[in-house]
Amino acid sequence: MNTVATYLRVPYRAGAIRLSIGTLVLMVLASIIFLPGFLAGENLSNLLAQSTTLVISALGQTFVILTGGLDVSVGSIISVTTAIMTLDMPPFVRVLLCIAVATAFGLVNGYGVARLNVHPIIMTLATMGIGQGLALIILPIPGGRVPDWLSMSVAGSIGPLPNALVWLVVASLVAAWILYRRPFGLYLFAAGGNEFNARMNGVPVKRTIINAYVLSALFACAAGMFLAGRLASGDPKGGAAFGIESVTAAALGGVHLAGGIGSIFGTVVGAAILGLVNNVMNLANVSAFLQSVAKGALLLVLVVSQRRKTIGL
Amino acid sequence: MTTANSKPSAPSSLFNVKRAVFWIIGLPPAYYVLAILIALAPAVSATLINPNYWFVILKQSAPLGLAVLAQSLVMRVRSIDLSVSGVFAFAIYVASSGLLNSYPPFLTVAMFIVVGLLVGVTNGVLVAYVRASAVISTLSVSAILIGVVQYMSAGRAPGSTPTWLRVLTSGNIHGLSYSIIIWIATSVLVAVAFRFLIVGRYFRAVGDNPRAAETTGIPLARTIFVSHVTAGVLTGIAALVQVSALAVGTIKPGFDTFMNALAATILGGVTFGVDRGGVAGPFVAVVALSFLFAMLTVFGIQEPGKLIVQGLIIALAAIIYGTRAGRI
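For the protein sequence lines, the chains are A and B, in the order given.
The first sequence begins at 0 in numbering that gives the first Met the number 0 and counts up by one.
The second sequence begins at 0 in numbering that gives the first Met the number 0 and counts up by one.
Bound-form chain B, shown alone:
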């Protein structure tokens, strides 16, 4: 019999087991996909379990990882950024066309961040303050950037990327490429900001219920603006890392970057207003997607098959979340 002064009893081991089971069930689909792929890898090819191969996969995933981090920020506050392709196209063209060859290298690096920042500010103003549709306004910004690139390049591929910039992908510390370090460091920074800064709570509140957040005094428009600006800067850094992995520039970085970024974000447990995956979920999702595509290549599955698998993954991940709780 317990008395008023007695200490509450420690949770039973059964309770702990139950909690652990619910925690595992509640994990974003990305964790399950990665676990299944790792389990299957030895049976598919010995190369897939080679640690060096994993470093290569992580290195290739770094630009996508940063783009996913950016997309997850805006999706947390129920918005979307379709200007990823435009920022990539513009920044890659400027860096590889030789326009900045006569300037010091730091200016090229700054250019990526400034382009991302300007696009982020434009998107943020349009979505948060002008209250234009996020889909249409970010798409328009992307169309303008791609159009400018096509006009400047007259449809021709630009030159080679700066040699010194390639060190971001080729250089490493104990086998870990600089691009992976940038990706991990940026993810940790965002995670810490979400955990310890007030802006993290604002993001969560706005994502949960924008109207309630505004009623309780949270600056709704400013929070959405900040999410777009931060996403723009992160997309600029993603474009920088992407250029460092290319020998020759391109004017058509493709819609794939956006599609993969969206797929990884959803797979990682972040969707419109839902933030179950945190920063780790999308990170794991990027690794899982890259590993999956590598495995599909081993099986000899070409672009059409990969598109179908990508679509099925997005649909399944979204359906799992949708059936668990409300609209995502």
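One chain only, chain A, in its complex shape:
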């Protein structure tokens, strides 16, 4: 238990996480008081299932943002993964193919940014287009059928614990282990904080950046598998929204887009806030069309409250 607490600790480079936690706590309290159905098992189960894809993709995004980059191709990788999982081939081969494709996307992104000096937004925007095209070629319209074991691993439960929660906790612990228990995690903070200083201190900056993009793609692949299992089918455009939403979730959780500041716990909190906004508005019978306004406004308030030292992306 102590080990788990250590993994999820809030380090001093976690950013404005208190604000995010405060926002989440207030939202949860308000929901409990004003929305009677909020604590119902079915609602919590829905909330969890809807938020897990976002949490997993945002965890991967956190690695990239910590280096000072941005990965908007996450959404396309999720879409490609759901499309591949419906292909007519042995399930084991499908999973391997998903991992191979995601790794290839991560390597191309990382190599482009670290070695070829392309700006992260431009590089990942390019691969986002390529990934979206690939997903539409593999599966032109939503449909197909994913392996039964995948659907069951998402929809079922282990005792009282919903499987979605297991996916979420495992992904968070893996991300926390990488960030806080491996030298790579320290390299990420160092490279994102000050690239020149990191290099002078022997940090393999370029390799760290490439690995961050590969990790982001692999987490997106896991998020895609979860989404495919939840839908029990593929959707070539099903991941499109997650490219930007994963960045939004990380930013809401106090991860600085300039790099070097952020935490796994913060990202989980940020994704939870986003998931909660949708859930609460559904429960309160607020028009679904206003959800975009609410999310945009909430994001603006939180971003404005995190004033940075420099002007920029």
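Honestly, the hints are just simulated from the structure, not real lab data.
Please read these numbers as outputs of a predicted model, since none were measured by experiment.
Check the hints yourself; a few may be wrong.
[Claimed, not checked] Only part of the chain B face toward chain A is listed, based on derived beta-carbon distances under 8 Å: (1) Leu219; (2) Gln309; (3) Gly321.
[What the hints assert, rightly or not] What follows is a list of derived Cβ distance ranges for each label pair: (4) Phe183/A / Thr215/B: 36 to 42 Å; (5) Asn196/A / Ser44/B: 52 to 58 Å; (6) Ala211/B / Val303/A: 25 to 31 Å; (7) Leu295/B / Gly40/A: 47 to 53 Å; (8) Leu185/A / Val20/B: 45 to 51 Å.
[What the hints assert, rightly or not] One side only, chain B facing chain A, incomplete, derived with CB under 10 Å: (9) Leu81; (10) Val147; (11) Leu306.
Yeah, the Cβ is synthetic: ideal placement off N, Cα and C, and Gly gets one too.
Given the coordinates of chain A, work out where chain B should sit on it, guided by the hints.
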């Protein structure tokens, strides 16, 4: 033997040839792409070399061209504007929903510019003065605008666009559509401002090195604010031209506009802080991209193929610049 009083000798012809070769090599990728496409066009289809067809392509490119001009302004000062889709959605909805039918036409035209201006001011304040992330703040503004449009329309498509407004695309002077004239005139205005006004030098200085620019007394925040406000107004004009090309309004103008705008800007030699392409580079890039997509349509390549080609073009153009000099 030269003396102190002798005039310096004129550059040799070899020197001039060398300079010309370096100039050609240094051109943005858009010029090469357009040259290759023009060379290939006769072999693909006779229609592609028909001058009337080129006018049609230019007419269709005008909204994108104006959006690219806007995006290139903010990218010059190392910022980005992701609110393009939001401005398009909002302005197109208001113009085609009949909300302004009882008002004089000039008010509808003014609405586009005012919407663009307000969004530009909001983006500018957030990015330059509040120092919020340009990606997140402009994205939030876009999300709010799209949400408002969806709420007002309840998800239904709005009505038809005003008939009188369609003259911008259908009307012409000697075959040149008004929309193309607006695009060219605006591009020339921006180019002249960059060449002769002090703000052009500010933009270049901030793009080259914001910290150095601020240290030397250039108003960093104000320059970035001005870039966002100008970009907002230009995006409003782009939305106006886009509406004039539509018979029926839409609430989902799509992410394509932003993606294509970014692709053309990079292809035209303007990226974060890099301004090799000037105003002409992105202009040529818009024509090249539109011509490329027309050619892909002739080949029967559908949306997935076009997305892949678009992605490859962005990646290749960015890699060429990235390997030439520093991060872009």
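Are there hints from earlier that the structure breaks, and if so, what are their numbers? Per hint list: zero violations.
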